[in-house]
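Novice: Each chain, written out:
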Amino acid sequence: MKGLFTYIGELAFFTKDFLRVLPRFYRYFNLIIEQIVTIGVASLPIVLITSFSSGSVTAHQAMFQGKDFIPEIYVGMSVIKAFMIELGPILTALVVGGRCGSSIAAEIGSMRITEQIDALETLAIDPMSYLIVPRVIAATIALPLLTVVSEVIACVGGGVYAVLAQNIKLMVYLDGLRFQFMVHELWGGLIKAVAFGVIIGFMGCYHGFRAKGGTEGVGKATTRGVVDIFILILLFDFIIAQIVF
Amino acid sequence: MIQIVNLKKTFGDKKVLRGVNLEIMDGATTVIIGPSGCGKTVLLKHIVGLIRPDEGKVMIDGVNISNLYGTSLFKVREHISVVFQGGALLDSLSVSNNITLGLRKHTKLREPELSKIVKEKLEMVKLGGTEKLMPSELSGGMKKRVAIARAIATNPKYILYDEPTTGLDPITANKIDKLICNLQQKLKITAIVVTHDLTSAYNIGDTIAMLREGEIIFEGTPKEIRNCEEQKVKEFVRGRDI
Ligand SMILES: Nc1ncnc2c1ncn2[C@@H]1O[C@H](COP(=O)(O)OP(=O)(O)O)[C@@H](O)[C@H]1O
Ligand SMILES: [Mg+2]
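Chains A and B are the protein sequences, given in the same order.
Take 0 as the starting number for the first sequence in numbering that gives the first Met the number 0 and just add one per residue.
Take 0 as the starting number for the second sequence in numbering that gives the first Met the number 0 and just add one per residue.
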């Protein structure tokens, strides 16, 4: 219990420091772009694979569960709704959280234990604005973008499965995608994605930043970072769903 | 002048510094020597305000750095450079960008001027032509020399070295010692070196201070430390020397 309070206290301090320098994020604008590219390149392949395959599985389940009594137009609708509301944001966040949250924690952690962060401070460069802010902002921007990609690819995956394996007419599937389309469901999902981006960037950085005790410490920071990221993603998925939908 | 006054620091229940008192004279090289884990790095980090003391203070030219925050802390730090143990070069930046890191932040120098400084400093540490290399392409000794180049790029008044020769072979270590001496003579920078390497301490120190069990137990010239009869000092000197 004492551990939990210390943890919350330290996190609060870190957050306060972060918010203090956040307004001057434009100082290292090029680093933000660099980090968006890094996160995008690292995540894109795995996001594509995951979304394509879960898109087709969703299409399969929609058909299988409703076979003979639900019209085929519902296949497309099931895929797009499932992905806009829930699967797109959460799958992307878990995949990117595992892939990039861990590498952010490891990178910042090894900078901590090799005294690179101390070196920045002695060069009178604030590590918070030079290292942390660009990564958090980059993750916050990258997540919704990747989520949109994921949703599109899932629809493609679902379509390929429905058309090729189940002989549904392409037009029927496409009509299904438009059927009962509600734009607030799209936005709701993207709001989640933004929140997940903040969580991934922030918690990855936080755990890296407080790493200590050699290489082993970096490993611990990475693991704890990913665990925290996953827990918070699931928690906020629930909370935001309550508020938005 | 740097004055360390009754500095105390405890981590958890581990008393690392138990009241360190030391004055560092301008223009000279002071070596702080002591066994591994005795708190040398902790002491060094107090001098630049990276760690804050539980008690006591560090005065830099009459300013208590332990009480400074934000921009006023950065202002004092502009005159102090640190060469960290492994060099602490930023992995993501090339040698030349590492060297100009501080300058880009604090001066309005343009690219041609910056690259002139880089070239000049790299030649001083005998690494001319390595501007484009990344830290991962450098050996341990080269990293330390780039770190020294980065440290002197901002024309500091003080330069702090954390174990500059640790982890290097004797020949490379000797070269680093020579480099530190040369820079000291050429640039008149006040240097503080913390190390557990006695040979190096004898080579470069004008004054040697010994840190043991959280206190400075000896202060004097290299000659004085060799002849010191104090039990704890002798232990350390003989342990390495014979
Ligand atoms: N941030 C810290 N938290 C807890 N203990 C620390 C911290 N920094 C240093 N220590 C402890 O202080 C002691 C001295 O460390 P250090 O100054 O690195 O020794 P050295 O003389 O080898 O440089 C060590 O026992 C180390 O474990
Ligand atoms: Mg040390």
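No wet-lab data here; the hints were simulated from the structure.
Mixed in with the good hints there might be a few duds.
Claimed, not checked - Using C-beta positions, here's what the derived DEER-type ranges look like:
hint : chain 1 : residue 1 : chain 2 : residue 2 : range
1    : A       : Glu33     : B       : Lys131    : 39 to 45 Å
2    : A       : Ala164    : B       : Lys131    : 35 to 41 Å
3    : A       : Ala41     : B       : Leu186    : 39 to 45 Å
4    : A       : Ile238    : B       : Lys131    : 46 to 52 Å
5    : B       : Glu136    : A       : Leu18     : 54 to 60 Å
6    : B       : Asp168    : A       : Val56     : 38 to 44 Å
7    : A       : Val36     : B       : Glu22     : 48 to 54 Å
8    : A       : Tyr6      : B       : Arg51     : 17 to 23 Å
9    : A       : Leu43     : B       : Asn63     : 36 to 42 Å
10   : B       : Lys131    : A       : Lys168    : 22 to 28 Å
11   : A       : Tyr6      : B       : Met24     : 20 to 26 Å
To be verified - Cβ-to-Cβ under 10 Å is the rule here; a few derived chain B residues that face chain A:
hint : residue
12   : Thr70
13   : Ala87
14   : Leu88
To be verified - With a straight-line Cα cutoff of 16 Å, these simulated EDC-like cross-link-like pairs (lysine to aspartate or glutamate) come out:
hint : chain 1 : residue 1 : chain 2 : residue 2
15   : B       : Lys104    : A       : Asp174
16   : B       : Lys107    : B       : Glu77
17   : B       : Lys14     : B       : Glu212
18   : B       : Lys156    : B       : Glu77
19   : B       : Lys13     : B       : Glu77
20   : B       : Lys74     : A       : Asp125
Positions of the beta carbon are idealized from the N, C-alpha and C atoms, including for glycine.
Novice: It remains to establish, for every hint, whether it holds in the given structure.
Specialist: Hint-by-hint comparison with the structure:
| no. | hint | result |
| --- | --- | --- |
| 1 | A/Glu33 - B/Lys131: 39 to 45 Å | violated (19 Å) |
| 2 | A/Ala164 - B/Lys131: 35 to 41 Å | violated (53 Å) |
| 3 | A/Ala41 - B/Leu186: 39 to 45 Å | holds (44 Å) |
| 4 | A/Ile238 - B/Lys131: 46 to 52 Å | holds (49 Å) |
| 5 | B/Glu136 - A/Leu18: 54 to 60 Å | violated (38 Å) |
| 6 | B/Asp168 - A/Val56: 38 to 44 Å | violated (59 Å) |
| 7 | A/Val36 - B/Glu22: 48 to 54 Å | holds (51 Å) |
| 8 | A/Tyr6 - B/Arg51: 17 to 23 Å | holds (21 Å) |
| 9 | A/Leu43 - B/Asn63: 36 to 42 Å | violated (52 Å) |
| 10 | B/Lys131 - A/Lys168: 22 to 28 Å | violated (59 Å) |
| 11 | A/Tyr6 - B/Met24: 20 to 26 Å | violated (45 Å) |
| 12 | Thr70 | holds (9 Å) |
| 13 | Ala87 | holds (4 Å) |
| 14 | Leu88 | holds (7 Å) |
| 15 | B/Lys104 - A/Asp174 | violated (56 Å) |
| 16 | B/Lys107 - B/Glu77 | holds (15 Å) |
| 17 | B/Lys14 - B/Glu212 | holds (9 Å) |
| 18 | B/Lys156 - B/Glu77 | holds (9 Å) |
| 19 | B/Lys13 - B/Glu77 | violated (32 Å) |
| 20 | B/Lys74 - A/Asp125 | holds (13 Å) |
The earlier numbered hints that this structure contradicts are 1, 2, 5, 6, 9, 10, 11, 15 and 19.
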